[in-house]
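In order, the protein sequence lines correspond to chains A and B.
Numbering follows my numbering, in which position 214 of the first sequence is assigned residue number 214; successive positions increment by one, without gaps.
Numbering follows my numbering, in which position 111 of the second sequence is assigned residue number 111; successive positions increment by one, without gaps.
In short, the hints are calculated from the structure, not lab data.
One should not assume that every hint holds.
As the list claims (entries may be wrong) - The list that follows gives simulated cross-link-like pairs (lysine to aspartate or glutamate, EDC-like), each with its CA atoms no further than 16 Å apart:
(1) B:Lys183 <-> A:Glu293
(2) B:Lys96 <-> B:Glu44
(3) B:Lys16 <-> B:Asp308
(4) A:Lys210 <-> A:Asp236
(5) A:Lys183 <-> B:Glu293
(6) B:Lys16 <-> B:Glu40
(7) A:Lys96 <-> A:Glu44
(8) A:Lys183 <-> B:Glu289
(9) A:Lys96 <-> A:Asp80
(10) B:Lys96 <-> B:Asp80
(11) B:Lys183 <-> A:Glu289
(12) A:Lys42 <-> A:Asp80
2 protein chains.
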Amino acid sequence: MKSARVVLSVDIGGTKCAVALARTDGEILARRSEPTRAAERKPEQVLAGLAAMAREAIADAGMAPGDVAGVGVSCGGPLDRERGVILSPPNLPEWKAVPVRAFFEEALGLPVRVENDANATALAEWRFGAGQGARHLVFLTMGTGIGGGIILDGRLVHGANDLAGEIGHQTILMNGPVCGCGKRGCLEALASGPAIARLARDSMMYGRHKRVLALAGGRPADITAAHVVQAAREGDPFACQILEEAGTYMGIGIANVIQILNPERVILGTIAVHAGDLILDPIRAAVAEYAWERSRQVCAIVPAALGDRAQDLAGVALWVED
Amino acid sequence: MKSARVVLSVDIGGTKCAVALARTDGEILARRSEPTRAAERKPEQVLAGLAAMAREAIADAGMAPGDVAGVGVSCGGPLDRERGVILSPPNLPEWKAVPVRAFFEEALGLPVRVENDANATALAEWRFGAGQGARHLVFLTMGTGIGGGIILDGRLVHGANDLAGEIGHQTILMNGPVCGCGKRGCLEALASGPAIARLARDSMMYGRHKRVLALAGGRPADITAAHVVQAAREGDPFACQILEEAGTYMGIGIANVIQILNPERVILGTIAVHAGDLILDPIRAAVAEYAWERSRQVCAIVPAALGDRAQDLAGVALWVED
Numbered sequence: 001m002k003s004a005r006v007v008l009s010v011d012i013g014g015t016k017c018a019v020a021l022a023r024t025d026g027e028i029l030a031r032r033s034e035p036t037r038a039a040e041r042k043p044e045q046v047l048a049g050l051a052a053m054a055r056e057a058i059a060d061a062g063m064a065p066g067d068v069a070g071v072g073v074s075c076g077g078p079l080d081r082e083r084g085v086i087l088s089p090p091n092l093p094e095w096k097a098v099p100v101r102a103f104f105e106e107a108l109g110l111p112v113r114v115e116n117d118a119n120a121t122a123l124a125e126w127r128f129g130a131g132q133g134a135r136h137l138v139f140l141t142m143g144t145g146i147g148g149g150i151i152l153d154g155r156l157v158h159g160a161n162d163l164a165g166e167i168g169h170q171t172i173l174m175n176g177p178v179c180g181c182g183k184r185g186c187l188e189a190l191a192s193g194p195a196i197a198r199l200a201r202d203s204m205m206y207g208r209h210k211r212v213l214a215l216a217g218g219r220p221a222d223i224t225a226a227h228v229v230q231a232a233r234e235g236d237p238f239a240c241q242i243l244e245e246a247g248t249y250m251g252i253g254i255a256n257v258i259q260i261l262n263p264e265r266v267i268l269g270t271i272a273v274h275a276g277d278l279i280l281d282p283i284r285a286a287v288a289e290y291a292w293e294r295s296r297q298v299c300a301i302v303p304a305a306l307g308d309r310a311q312d313l314a315g316v317a318l319w320v321e322d
Numbered sequence: 001m002k003s004a005r006v007v008l009s010v011d012i013g014g015t016k017c018a019v020a021l022a023r024t025d026g027e028i029l030a031r032r033s034e035p036t037r038a039a040e041r042k043p044e045q046v047l048a049g050l051a052a053m054a055r056e057a058i059a060d061a062g063m064a065p066g067d068v069a070g071v072g073v074s075c076g077g078p079l080d081r082e083r084g085v086i087l088s089p090p091n092l093p094e095w096k097a098v099p100v101r102a103f104f105e106e107a108l109g110l111p112v113r114v115e116n117d118a119n120a121t122a123l124a125e126w127r128f129g130a131g132q133g134a135r136h137l138v139f140l141t142m143g144t145g146i147g148g149g150i151i152l153d154g155r156l157v158h159g160a161n162d163l164a165g166e167i168g169h170q171t172i173l174m175n176g177p178v179c180g181c182g183k184r185g186c187l188e189a190l191a192s193g194p195a196i197a198r199l200a201r202d203s204m205m206y207g208r209h210k211r212v213l214a215l216a217g218g219r220p221a222d223i224t225a226a227h228v229v230q231a232a233r234e235g236d237p238f239a240c241q242i243l244e245e246a247g248t249y250m251g252i253g254i255a256n257v258i259q260i261l262n263p264e265r266v267i268l269g270t271i272a273v274h275a276g277d278l279i280l281d282p283i284r285a286a287v288a289e290y291a292w293e294r295s296r297q298v299c300a301i302v303p304a305a306l307g308d309r310a311q312d313l314a315g316v317a318l319w320v321e322d
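Could you build all of it, start to finish, from the sequences and the hints given here?
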């Protein structure tokens, strides 16, 4: 690896925006964040806020923009990576074809790389987290959605128009529930946070899940995946069953990826980190059933390791070079 | 592309073995083939027969082994590509850990590259056939099995232990029919030649498929996918329905690959070539339903173009360099 340089990461999220000044060996020097407030602020205002935080973070670290090698922007897809344009991210409904690269090049006078958040986080886990040492790995978020990033032979897979890695939108059940993307039976509609909450709510009518309901303050509509994980941690059998069902779907989706790509590591974020073996066990059981032994015996399925640092390191990882 | 060299392709199949002397621009100079007779001959005898045919083909072309740049061996997986060892191909049940590269290096005194047949054919279609001009493509056989080869950014994807591309063994139906591989509901168990024949036989009991049955000489056990395709070509509605069902499963499997890899071309062999739009139409309809518009609009789904030349050019393609 080349000697560490200082870069600036920019994370544009649906609820929060953050910048971090960091070294390419992963050491964070300064950071700032603020709520995105996408409903009240136009994209240009959000970007101006990020540029202001960037200048502050650089000053906080006692540096000048000239000390920074580049800017790494991580944000929701779809996007046009070559042109550095955010197209129409579901988490920022007002954003249509926003030229983020041009904006930061102009505002900060630095070279800018733009990557979708799942890809950038895959790179970060590979460089700094649970993916270290692997050549072929797949990263999957398990949160509001199921995003994915694929690294083969040490290179991120982008595909023909930057849409590779949409592992959460493979079909697991032909006639399954409608997904947020409009298709039916996607993995995301069966194993994401909202899918787990829906599974819990759907079984309310049978009078089960008293503990999950209590954690949600008695309001079924307020149930989240976090309540299900919490109840499962306390040993609630119905909550464990929900995680087992979601984990089985997740395992089938992962088994398909193992059959198609033969990775040596699959890294799972968010719910897999919070729930641990409560969901990793059913995932691994389904992978054992739906992937070939010869393929799965070389593939470790592990939780993500970066936790809250992932969002800062995602943009940094775009500037790490071999 | 570098100037054309002469190479020798070796194709080791379950029913037939062939060698071809060819230029790396795809021109075939001489070829020989013989039945594999794997039940009667030991692997060493089969390999000795191939080496003898290789020497004959080189002589036929008025050349000497020294005029040949290398040998490209295409055979059924799984195999260890680095070591050049065929491990345990389902189409050659007696072959266990056969060191084909060492054999041909010794027998012919030439450098040898070994690749599984689906990968090698993917390369051949990319270099000489329906994949020309693409950077990201997926090739799928649709014959006895559904094998796959993936080329991303102009490079074959091998994975951690040479098992990438097993697209036919992704799960399409969780509780579907048992596949030859032992798993349940694999794409191969739903859309391969034997799967199409089974679909036809299974609906025999309802008294349908008289035309398919007639083509099979009145013996349900003798029905093959070729009979179904033939009857569909003649307009038999039940045969068309079978192809529509298999095509729908195939389309879901392809849609998953499009979501995961975002290729610009998907090339389908064998049955897709013979049946044409009778199966390509339902495949494309399912892809339209199960893949995102933004991903599928950049991806052409086309039949393979090399026909019988594929098996000769597979080994040749291993030696084509940019």
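Pair hint outcome, lysine 16 of chain B versus glutamate 40 of chain B [Cα-Cα no greater than 16 Å]: 13 Å, holds
With the threshold set at 16 Å, check whether the alpha-carbon distance from lysine 183 of chain A to glutamate 293 of chain B stays at or below it. 11 Å, holds
Lysine 183 of chain B and glutamate 289 of chain A were given as a pair; does the straight-line alpha-carbon distance stay at or below 16 Å? Roughly 7 Å separates the two Cα atoms, so the pair holds.
Starting from lysine 183 of chain B, check that the Cα of glutamate 293 of chain A is at most 16 Å away, please. 11 Å, holds
Under the criterion that the straight-line Cα-Cα distance not exceed 16 Å, is the pair lysine 96 of chain B, aspartate 80 of chain B satisfied? Holds: lysine 96 of chain B and aspartate 80 of chain B sit about 12 Å apart, inside 16 Å.
Taking only the CA atoms, is the gap from lysine 210 of chain A to aspartate 236 of chain A under or equal to 16 Å? 9 Å, holds
Next pair to validate is lysine 183 of chain A with glutamate 289 of chain B; report whether the Cα-Cα distance is within 16 Å. 7 Å, holds
Given hint glutamate 44 of chain B paired with lysine 96 of chain B - CA-CA distance at most 16 Å: Distance of about 12 Å is within 16 Å: holds.
Measure nothing beyond the straight line between the CA atoms of lysine 42 of chain A and aspartate 80 of chain A; if it is 16 Å or shorter, mark the hint as holding. 20 Å, violated
Distance restraint between lysine 96 of chain A and aspartate 80 of chain A, which requires alpha-carbon spacing of 16 Å or less: Answer holds: lysine 96 of chain A to aspartate 80 of chain A is near 12 Å, not above 16 Å.
Has the given pair, lysine 16 of chain B with aspartate 308 of chain B, been kept, meaning a C-alpha gap of at most 16 Å? 13 Å, holds
Straight-line Cα separation of lysine 96 of chain A and glutamate 44 of chain A no greater than 16 Å? Roughly 12 Å between the alpha carbons, so the hint for lysine 96 of chain A and glutamate 44 of chain A holds.
Consistency with the previously given hints fails for number 12 only.
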